[in-house]
Structures are given as C-alpha cells and as structure tokens.
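Protein chains: 2
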Amino acid sequence: MRVVVLGGGFAGLAAARRLAKAPLDVVVVDQRNFHTFQPLLYQVATAGLDASDVAYPIRTILRRYATIRFLHARAQAVDVDQRIVHLSGGSGLSYDYLVVATGATGASFGVPGVAEHALSLYTLDDARRVRNEVLLALEAADTDGADGDPGGGRVLVVGAGPTGVETAGALSELIDVAVRHDGLHLDPDLTRVTLVDIQSRVLPGLDPRASEYAARALRSRRVDLVLGAQISEVTARGVRLADGRELCAEVVIWVAGVTVDGTLASTLPALTGGGGRVLVRGDLSLDGHPEVYVVGDAAAVSPRRVEDGGPPRLLPQIAQVAIQSGDHVARQISHRAVDEPTAGFVYRDRGMMATIGRRAAIAQFPGGRIIWGTTGWLAWLALHLVYLVGFRNRAIVLVNWAWRYFKWPSGPRLILGDVASRPVTSLSAQDPIVDRDAVQQPDRSTPRAGPAPGRR
Amino acid sequence: MRVVVLGGGFAGLAAARRLAKAPLDVVVVDQRNFHTFQPLLYQVATAGLDASDVAYPIRTILRRYATIRFLHARAQAVDVDQRIVHLSGGSGLSYDYLVVATGATGASFGVPGVAEHALSLYTLDDARRVRNEVLLALEAADTDGADGDPGGGRVLVVGAGPTGVETAGALSELIDVAVRHDGLHLDPDLTRVTLVDIQSRVLPGLDPRASEYAARALRSRRVDLVLGAQISEVTARGVRLADGRELCAEVVIWVAGVTVDGTLASTLPALTGGGGRVLVRGDLSLDGHPEVYVVGDAAAVSPRRVEDGGPPRLLPQIAQVAIQSGDHVARQISHRAVDEPTAGFVYRDRGMMATIGRRAAIAQFPGGRIIWGTTGWLAWLALHLVYLVGFRNRAIVLVNWAWRYFKWPSGPRLILGDVASRPVTSLSAQDPIVDRDAVQQPDRSTPRAGPAPGRR
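Chains as they are written, first to last, in my numbering: chain A, 1279 to 1734; chain B, 1279 to 1734.
These aren't lab readings, by the way, just hints derived from the structure by calculation.
Quick caveat, the model's predicted, so the values are computed rather than measured.
The reader is advised that the hints may include incorrect statements.
With beta-carbon atoms standing in for the labels, derived distance ranges [stated by the list, open to error]:
hint, chain 1, residue 1, chain 2, residue 2, range
1, A, A1393, B, S1366, 21 to 29 Å
2, B, K1299, A, E1511, 50 to 58 Å
3, A, D1357, B, D1454, 35 to 43 Å
4, A, E1511, B, D1565, 52 to 60 Å
5, B, K1299, A, R1500, 32 to 40 Å
6, B, K1299, A, A1520, 53 to 61 Å
7, A, G1651, B, S1366, 42 to 50 Å
8, B, S1366, A, L1549, 52 to 60 Å
Idealized CB from N, CA, C, for every residue including glycine.
In isolation and in its complexed conformation, chain A is listed as follows:
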C-alpha cells in the first residue's frame, strides 16, 4: 500500500512523519531537495539569517524513517482514475492514497506591474532576491552620496499582515545597521521603509489592540505606514495608488497575499475556492475521491466540517493549519488502512504571532489574551527555535541570533548571485571621490541589473 505525498513543506512533512508510524510505503515528492521554514524567510531577506538557517534537506529530515522514500522531482499532473502522478520527465508514480501538499505562491490580485517590478517573498529564492535588491539599493544610495552628500534608498512593503510587518520591521533594523556599523552614508530622511495596505490597520487578522501596538512599534522604528491605500499599479519607480498618489521606491516587496498555482490543482477533479484553493470535504479528501487528500495552503479548509453546512469562511494559510491538516489526513489514511473509522478535520487555533524587531513582538492567544514587548519577543523566539527543523539549524540560528542581539550584527549581508553593482551616479563637490567630468547622468527609470523578476 503506497501513499504518495506531494510537497515537503509543513503539511507534507507532518503527513509523512505521521504515516511513518503505520505499515505503509510512503513516497515524498518535491521539486526542491529541502524544506523551507517559511516563517523566518523574512530574516533571510533582511540579511539576518542564512539560507541554510531556514532550509533543511528533506532527506536529512526523513532519514530516520525507514518506510519513507524521497523523490526529487516535479509533479505535473494527477490522473485520479489511473491513480498515477505524472512527474517531470514523463514518468509516472502510482499511489493508493495521495496527499497533495503543494502549497501556494505570491498573489498579484491582478495589479499591473507586480510580476515585472515587485519581489515576492514566499520561497528561499525570493528571499535571496529581496536581500540582493535591498543591499544593492543601499550601496547605490551610498555611492550616490560619495561626495559627502548622503543619498537614500526607499523600500516599499505591500501587505501589512504578519509577513509584511515582520519584513518592514527587520528592514528598518537592517538600514540602522548599514548606517551605524557598515559606514554607509545614507540620509535618514531619504532612506525610508514604507508599509502599505488596503486595510485601515496593520495585522488586520489580529485584535485591534495588537494592531495599535504593532503600528506604534513600527513608527518608533521609522517605518512609514500608508493604510487604507489601494495600489493601482507597480512601476519601475515605485507604486501608483488608486487616488493618484505615487510612492517612489527602489525596491517593492509584494507580500499582499498568496494564491494556489493551478498547474497541478487544475488536474484534480475538484472545484477551487478563494485564491485558487482546492475545495475539500470535511475530512480534507476530494468529493468522489476519498483516496485523494489536499492539505495546507493548497486546500480551502472550512473551520467546520462542510457537512455541517457552515459558512464558506476559510482557515488562514499559515503553518499551524498546514501542520494540523497534514497530520489529520495521515491519521485518516492510517485508520482506513486497517479499516478503522475516520473523522473530520477540526482545527485547533493556537493563536497568532508577529515580531516587529528586537524585543518587540506580539502573541495573540485563543480567547483574545495578548502578550507583547520583550515578553512577546522571547515567546516568539522560543517558539520558532523549538519549531525549527533539525538540531544543527537550531544551534546555528541560535548563534546567529545571540550574536545579532548582543553585538550589532555581523550578519550575512552578502550580495550573492551574478548581480552587477549599480552604476556610480555621484556628482562631485569638494573633495570629490568621483570626478564630475567623467560622470554620465543615469536614467533612473531604466530597469537595473539584478535578479528581480522582469529585470533579467
């Protein structure tokens, strides 16, 4: 009896680990050979952590389970009648039970220019691109100011959910480090981090008191908040708002929401709900195909069982839902393999967390209790370290964080990849470091070197 798990994220690994306890052959398929600890991706994007601090080889994670096999391949389609998953390269993988945990990706909501001019922050590669672009913008700003007249670099974060809030807060700390410790000459008035959202408050998913605290903490870190603002277009110079205002920025980070890539999902015999999520029954299986389950970000999971006729409100696409749903379907499959009764999925809310920066975080528990400030930050730190996959990572993340906290960071502020340095655009004044006569005026509106989408 073979169970195929598509995806090595939180949902897929939770399912695989639980399935290992049953007498079943399990095959985990992923196009990447590593699991990504997404809640900390923003730390990689802001040069606080390394890629390998938040990513871990799936083989290493599953090493101890003799019944689990990893297949490094991309799943392209599912034939539910033949019970075969079609893989990249044209080969097929047959299954008795299938767990689809292929996750989601950044959503543009149809706003023009997002793909060309904005950076998403959902994968490890996204995080590396964001880091490169932000550091390049700061270096270019410093060079602009090489004549002693400091320049500025503006970074715009779109989406004031947890990811946006955490990214904006960490960016302001990164800029602080760049100025105070890397000796970049930046004008604090020109070097801004701006957080934009269509909603009227940050962290709209949390209690208003949490939103107020987060807004205060962000402002105290010199993050500009532009709330209740609808973005009509992203351009090479920034974003244009529906009310006609234009916000200029060298880098635009788009974390306004996620959507499910339809490539695989469209091959499933199921309807899709909001954001392309696959509609599932109360036990997370497909209607008419009880051997196929969809979990995590890819699934449209109702807090109640669909049978109860509950409202179409869906669970958020967060790690907790992914882990619990993956674990749930693994239990159901294990039960069915020995003809035991199955049950519907009931989500247990463990609360929400978001950190703004050093000694400033929020934890909102079920029932509405909220802790914040240093206490919230320590709780956040402890939880994430406990959840981090694999000891080595935990140890080194701890070293990084301790180092970062006690002495301002010697963080990995490396501009990696084949990224050209920005043109030097300074005009020279007294004691010129760069000579006026040789300078060409740059065209700010032309796409610049760098691995951002559409800039290649």
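Start from chain A and add chain B according to the hints.
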C-alpha cells in the same frame, strides 16, 4: 593624498589594512560587496560549509578603519596619465597611488568545451553552481535507481593541485554521506570521483613524498586517479583525452589553473607574462609608473628582484603571495608619502598545505619538512580558522566543522537557485516506484537544467 585599491581579496585587503596606519585616504573598490576566503571555497562546493562561512562583507571587515572608504563598483579601465580609474556607469575615480589587486579567474588553456560543459571553482557563485550540479547528479542517479537497482553519478575533477585534491577528497566524503545518511540508493561502483591531471603525480608543486601520501589518501577514499593524461576536449558526457580515451561524467569541475582577465589589465601600460599576469618591477610597481602597483594573482612576481636579473620563474598564485605583496606595496606607499626610502619585494615562503579529508592533510614547510595525517589535518584546521576573516564566521565555521566531525554532517546540502529537478529516468522492475509505461527514454547528451555555464 588618495590611494585607490582595486579588489577586496587577500591582496587588496592586506594593502588596505596596512595603508590605514598611514595618514592617507584609502578607497577600496570591488564589484562584490564581500571578501571571499578562497581556500575554503571547495567546502562550499561540496556542501560542507555555507556561502557566508567563507564570505564576509568588506564593509564589516574595514569598519574599524576611519580612513578607508568602500565603493561598490566595477573598475573597467585605468588612465595612468590622468590618474583616473574608470568605473562601471561611466564615472571616474582619481588617485595618487593605485594598487591593482583584481585577481584572476579560471583558465581553460584553450581546451574546447571547457566554457560550455565544465564548472570552474574560483568565485562563490562558482562554488554554488558546483554544489547544485553535484547534488542534482546524485539525486538523478538515485531516481534512476528508484526500482531498487541503484544508479551512479560520476564527478570529474581536472587539475591535481591543492584545489583539485581537496575538492576530490571532499566530494568522496560528500558521496559517502549521501549514501550512508541521506539514504540515496547509489551503486558505489558507478558513483565515482575521478581526479585527472596532465602531470604524472598529484600536488606536483609539493615534495614527491607529499604527492605519494596524497595519492594514497585519495585512493583509500575511492578517488580514481588518472595522471599524465592530456585532455583534448570537454563534452556534455565528460572529457576526451589526447590518447582517444573518453572519461564519462555527469559533472566536470575544471581547476587546472588560473588566468588574468585582460579587461582591466589590458588598459595598463605594461607587458603581461604567463597566464596574462602583469609584469611588474622588483617593488611591484609598473615600469615608468611608480605610482601604480600590481599585486596578488594579477601580478607576475619574480621570487627575486628583477634588477638581480633572476630567471623568469614566477611565484605561485596563492593567498600567501597575495597577502605579502599587498602588505609590501602598502608599506612602500606609506614610506613614499613621507619621502622615506622604499625596498623591493622579497617573498617569505611559509610552506604549502592541502587537506584530503577528515584527519588527512599535508603541510610542507620551507626546508622540506612535511607533516601529514591527523597532525597535518589539525594544523590545517587551526591555520584556516585563524585566518578566517571575522569572528562570527570563525565561530560558525567552527560549529559547522565540529558538528561535521563528531556526527556525520547535517551539512547544507541544499540545491539553491532556480534549478529544476532532473527528469526521472527510471525503468521499473518489481515493486516499481516509477511506472514503466509512462517513461520516456531520456537523451543523456542534451544539456540539462541547471546554472552551469552554457546550460542556461
């Protein structure tokens, strides 16, 4: 009085640090914002260390020197008459003294196919490409063996100098880990690391006893040695030798030697010697331009002063020469700034080192004394940790290495970048994991996905 240093490698940083002790304005220019600890690049390429373990932001390194300024730009040409360095973007940087420390790059020696089918190992990006390609080859081999009949992945290392020996030794350990700890199904007879050199012995630059020890240690790690073999062509399937033999490999790593990129060097009014290295006078300055110095890998440095009429034998392109030559010219500039007498460059040989793997390394000291085995390995480890730039790196490298040594590694075996997984090529036998009927026969000779040169 401004000194411009082109390049943030060993030579450039050694020069900058020494210049900081004199009352001079120093500008360090590099197209990358980080220094690379090249002696450990092979560890990144073989997934033992992370990029940030061997790379460190130049700004962080130079943070403590008030008179040093970093400029993130690419130097494109030198106008020695105007005393201006032309930078990317068209601007110019004037100097009173110039230190050219722009290093070298991999040399193909005109062998066809090197650029298209082989990977070099000189920059951090090179190391990341090698890691990706090697891990992809192993994953593809494992998938080939998914029907229980294990496959193999062959890696060819061209050049049996220290880099080639260290890379080959580390690759064999990486494969050992992949099989024993990551659960890859590989046939040990099909999974081979082969070290090729035109010379008749490995480490030809060292004492023959060292070569013998290295050859023994490599063979004991199941590395195949093909010596005295001239390569006539690199193809998509491996390399072809002058005697007609063909060595098949999924990955070819080309570390046969380095050459100086002529882009900048050709704008200097100087002759070039072997490997495009710029010919310098005994004090490392240019003939006719005593204010321009060339140091490190970019310079053709004679062990004796040219005035002595010594033979054209040149110093090796290694870190020790780079550091000592950078330091030397900084002293000369400091002296000349206060009209003190200058001196020619005399290289002090500190010996050579190479490691084959855990508890197996060689250190050859001036005078010919050699230590090897565990003692040599501990000496090698200590020296490299001491030399590593920046405490944080040293600390984390130590954690990584200790971890790697005491428990077989949870190393960063991540396939990063936009790398597609290889097509699954298995044919299925009994208990097929991949179904025969759906399989397409792959064309092994077609370029595969991956960031290797010419494969994009």
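Hint-by-hint comparison with the structure:
{"no.": "1", "hint": "A/A1393 - B/S1366: 21 to 29 Å", "verdict": "28 Å, holds"}
{"no.": "2", "hint": "B/K1299 - A/E1511: 50 to 58 Å", "verdict": "54 Å, holds"}
{"no.": "3", "hint": "A/D1357 - B/D1454: 35 to 43 Å", "verdict": "39 Å, holds"}
{"no.": "4", "hint": "A/E1511 - B/D1565: 52 to 60 Å", "verdict": "59 Å, holds"}
{"no.": "5", "hint": "B/K1299 - A/R1500: 32 to 40 Å", "verdict": "37 Å, holds"}
{"no.": "6", "hint": "B/K1299 - A/A1520: 53 to 61 Å", "verdict": "59 Å, holds"}
{"no.": "7", "hint": "A/G1651 - B/S1366: 42 to 50 Å", "verdict": "46 Å, holds"}
{"no.": "8", "hint": "B/S1366 - A/L1549: 52 to 60 Å", "verdict": "53 Å, holds"}
In the structure shown, no violation is registered for any of the earlier numbered hints.
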